[in-house]
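Since chain A is already given, all that's left is putting chain B on it; use the hints.
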Amino acid sequence: MIRIRFIEGWIKTMKKAQYKISLPILLEGILFSLGVKYLFHACGPKSDGSFMKCHWSEQALFALSLAIIFLGVIGLFIKSADIVRGLALSLIPIGILIILIPNVLIGVCGMANMRCHTVFIPGSAVSGVIISVTGLLLFLIGKKAKSDSKNE
Amino acid sequence: MTRHPHRTASIAAIAAILAFAIFFTGIITRDLKNGLSSLRARMGADLIVVPSDADTDLGDILLTGSPGYFYMDKEIAEKISGYHGAAQVTTQFYLTSTSASCCEIPVQFIGFDPSTDFVIRPWLEADYPKELGLFEVIVGNYVSVPSDGILTFYGRECKVVGKMSKTGTGLDSTVFANTETMKELMQASEEKGFVFLDETDPDRAISSVLIRTSDGVTPDQLRQTINKNLDGVRVITTQGMISQLSGSISTLSKVTYAFAALTIAVAIITLAALYSAIANERRREHGMLLILGYSHGMLLKSMILEILITEMIGAVIGLCLGLLFILPFQSAIAKQLSLPFLTASFPGILAISAVAVLITLAVGPLSSLRYIHGLTKIDAAELMKGN
Numbered sequence: 007m008i009r010i011r012f013i014e015g016w017i018k019t020m021k022k023a024q025y026k027i028s029l030p031i032l033l034e035g036i037l038f039s040l041g042v043k044y045l046f047h048a049c050g051p052k053s054d055g056s057f058m059k060c061h062w063s064e065q066a067l068f069a070l071s072l073a074i075i076f077l078g079v080i081g082l083f084i085k086s087a088d089i090v091r092g093l094a095l096s097l098i099p100i101g102i103l104i105i106l107i108p109n110v111l112i113g114v115c116g117m118a119n120m121r122c123h124t125v126f127i128p129g130s131a132v133s134g135v136i137i138s139v140t141g142l143l144l145f146l147i148g149k150k151a152k153s154d155s156k157n158e
Numbered sequence: 047m048t049r050h051p052h053r054t055a056s057i058a059a060i061a062a063i064l065a066f067a068i069f070f071t072g073i074i075t076r077d078l079k080n081g082l083s084s085l086r087a088r089m090g091a092d093l094i095v096v097p098s099d100a101d102t103d104l105g106d107i108l109l110t111g112s113p114g115y116f117y118m119d120k121e122i123a124e125k126i127s128g129y130h131g132a133a134q135v136t137t138q139f140y141l142t143s144t145s146a147s148c149c150e151i152p153v154q155f156i157g158f159d160p161s162t163d164f165v166i167r168p169w170l171e172a173d174y175p176k177e178l179g180l181f182e183v184i185v186g187n188y189v190s191v192p193s194d195g196i197l198t199f200y201g202r203e204c205k206v207v208g209k210m211s212k213t214g215t216g217l218d219s220t221v222f223a224n225t226e227t228m229k230e231l232m233q234a235s236e237e238k239g240f241v242f243l244d245e246t247d248p249d250r251a252i253s254s255v256l257i258r259t260s261d262g263v264t265p266d267q268l269r270q271t272i273n274k275n276l277d278g279v280r281v282i283t284t285q286g287m288i289s290q291l292s293g294s295i296s297t298l299s300k301v302t303y304a305f306a307a308l309t310i311a312v313a314i315i316t317l318a319a320l321y322s323a324i325a326n327e328r329r330r331e332h333g334m335l336l337i338l339g340y341s342h343g344m345l346l347k348s349m350i351l352e353i354l355i356t357e358m359i360g361a362v363i364g365l366c367l368g369l370l371f372i373l374p375f376q377s378a379i380a381k382q383l384s385l386p387f388l389t390a391s392f393p394g395i396l397a398i399s400a401v402a403v404l405i406t407l408a409v410g411p412l413s414s415l416r417y418i419h420g421l422t423k424i425d426a427a428e429l430m431k432g433n
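Line by line, the protein sequences are chains A and B. Position one of the first sequence corresponds to residue 7 (this note's numbering), numbered consecutively onward. Position one of the second sequence corresponds to residue 47 (this note's numbering), numbered consecutively onward.
Worth flagging that the hints you see were computed from the coordinates, not collected in a lab. No experiment lies behind these values; they were computed from the predicted model shown. For each residue, glycine too, the CB sits at the ideal point set by N, CA and C. One or more hints might be untrue.
[Said to hold, decoys possible] Once the Cα atoms are required to be at most 20 Å apart in a straight line, the calculated SDA-like pairs of lysine to any residue come out as:
1. K381(B) / V139(A)
2. K43(A) / L412(B)
3. K229(B) / E177(B)
4. K347(B) / F371(B)
5. K43(A) / H332(B)
[To be verified] Computed footprint of chain B on chain A, listed as stretches where at least three residues anywhere in the stretch have a Cβ under 8 Å from a Cβ of chain B:
6. 81 to 87
7. 106 to 118
8. 130 to 143
[Stated by the list, open to error] The following residues of chain A were derived to be distant from chain B, with all beta-carbon distances above 12 Å:
9. F46
10. A66
11. F68
12. A73
13. S96
14. I98
15. I100
16. L103
Chain A extracted, bound-state conformation (with noise of 0.2 Å):
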């Protein structure tokens, strides 16, 4: 009786409007690492085994990601709608440092046809846009949220 009071109790909660804001969070870290990792990867490491600057760019890419997924598994156990905006918010800065870091802050290989220019730059801009617009939005819906619950 106990474990489906918990279970009722636990799909009541789902429906606040934090969670409505931090499980996208999550998802969006978990697509974006598998992204990052499988998708649009950068080069392969060189006949001697070393890597490539790219290489770099990508393992900082996987550790914001990991960022990511942290703000959304925290946002889940976190009770004030207002904090768990502030974590949407900061989507926006992980969201211009997901393209800043391969294009100027550490940088990808030389040759423009090779695979981190013609996948993993556009890959990882367009995840970046699209994950600054989500933390945006994100923090907008928590706001028009908490505002009709109050008219309530």
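Chain B in isolation, oriented as in the chain A frame:
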């Protein structure tokens, strides 16, 4: 529109998909045509002669920049120069780099003889009008050049004196040098333990012979003469190469146009069904408006405006998605197609975007013709009676 947000969103989504499909079609076909024009402009020769046992296809070198090398004796060029119909003859020397400071992958070298060349110099004129000196190179657009302008190949430092504008072909990954520089690099590669030449004398090795035919002699005629008199060579007509590519590009273009046409047809059919449902649902509302003083003309204008606004929202979303997902991945698409592919200029992209928006806007009223026509037939009085 706001009373039925889900329905409005559905119509906008259809418009977005349509705009995206048209934008995609426009960009891909335009880039392919640009690439073909670029290659055609760079084919100065009518015929190219290569060794028949060449491992790498010349097309791969020219189109995709896949590094390759093959050699034959210079005697072949000397013989061809004497044939009737060979107006201009020049030689080229290919080499690949495996340990270059600029690149982590091999690049293609093309060495040319400045005294006889008529193919490469015209390309380089715009970027570097002077003659290339020893260890002076001009690089393709994709080759990364350090700030000091020095690239090291096989331990030899080469000064980059120019960078070509983008061609959309394999030439973008190529380094151009004169024959003297190429011989030095060949020697340097042997010192590093790379063997490119087996038995051919390095001073007499060439990779290809490029020929321009004289007036009155067709490339096919000269090709037959060469095939008849020389063994161990393969003669490629550049016109044949261009025609083959043109055929491939034409087929691909037709497929993408068919895809766009199908998308337009599906959009029209789906929207027609949607608007038909809307027409039935809003009959009383329209009748009420007519009773309140709206003329049929005003009703028509209001409905068309509503349709256009919804279509416009969808078109803008579709275009934004196209700009986000297609433009950044053009290079990846080009690599997969292995066809000449030159990205459209900004005015070209604007023109394609405008066409996508216009077609999407036109589809809305077109698919709602029956609905709009029905509006003109509404008899408000009959409608309020419940007929």
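Against the structure, the hints come out as follows:
no., hint, result
1, K381(B) / V139(A), "violated, 30 Å"
2, K43(A) / L412(B), "violated, 46 Å"
3, K229(B) / E177(B), "holds, 17 Å"
4, K347(B) / F371(B), "violated, 35 Å"
5, K43(A) / H332(B), "violated, 56 Å"
6, 81 to 87, "violated (count 0)"
7, 106 to 118, "holds (count 4)"
8, 130 to 143, "holds (count 3)"
9, F46, "violated, 9 Å"
10, A66, "holds, 19 Å"
11, F68, "holds, 20 Å"
12, A73, "holds, 23 Å"
13, S96, "holds, 22 Å"
14, I98, "holds, 17 Å"
15, I100, "holds, 18 Å"
16, L103, "holds, 18 Å"
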